[in-house]
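Peer 1: Put together the whole structure using the sequences plus the hints.
Here's the letter readout for the chains.
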Amino acid sequence: GDSVTQTEGPVTVSESESLIINCTYSATSIAYPNLFWYVRYPGEGLQLLLKVITAGQKGSSRGFEATYNKETTSFHLQKASVQESDSAVYYCALGENNYAQGLTFGLGTRVSVFP
Amino acid sequence: AQTIHQWPVAEIKAVGSPLSLGCTIKGKSSPNLYWYWQATGGTLQQLFYSITVGQVESVVQLNLSASRPKDDQFILSTEKLLLSHSGFYLCAWTSNTGQLYFGEGSKLTVL
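Heads up: the protein sequence lines correspond to chains A and B, in order. Numbered per this note's numbering, the first sequence spans residues 1 to 115. Numbered per this note's numbering, the second sequence spans residues 1 to 111.
To be clear, the hints were calculated from the coordinates, so they are not data collected in a lab.
Taking beta-carbon pairs under 8 Å as the criterion, some of the chain B residues facing chain A (in silico):
id, residue
1, Tyr34
2, Tyr49
3, Leu90
4, Gln99
5, Phe102
6, Glu104
7, Gly105
Keep in mind the model is a prediction, meaning the values are calculated, not measured. Quick reminder that beta carbons are idealized off the backbone N, C-alpha and C, glycines included.
Peer 2: Right, dumping it as structure tokens:
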């Protein structure tokens, strides 16, 4: 089946430092998966951070970037300079073009940013 | 604007007791609906999905059942809870671009 593996948390980083959360996927049943990063901030619901549906393309949102690399089956999330407000749990996910069957999620990575 | 509401926010139940969790979506006609479950320390695991009223597909067997009695309503239930049912349950719907919109979730503790 399909699966997503991401950096095991928790990850602790100081404000203004860089952050990278690794994500690799295996899409055995999907020829051209769409890739997503979701985020849950403390006290809030799970929400979409960014998505990329075409291999080779980069998505960005709130200073975060992720590039869809089909060769390495990766979709790492990066931010050059984090802020305390980036403290959250981040989930990598994949899905197919026909979204009826939903998404497959990774375990999630808890990130804590300290001032 | 679409809204998604889950109830209850939290439940503490005894092993062997029944459970019913609900989800209502407003502002979206004929949405694809999903139930996800997350055990403590685990990943978000899809349990069920439904693309139309009266039809529900099971993705993972956890001795739970789901029903879609109305276009905007999705119900998760069981007659006998197990300890392993504890966790966080999320209802979601997808937009035409595949983005999942989640509810606030229901936290279930089985004792």
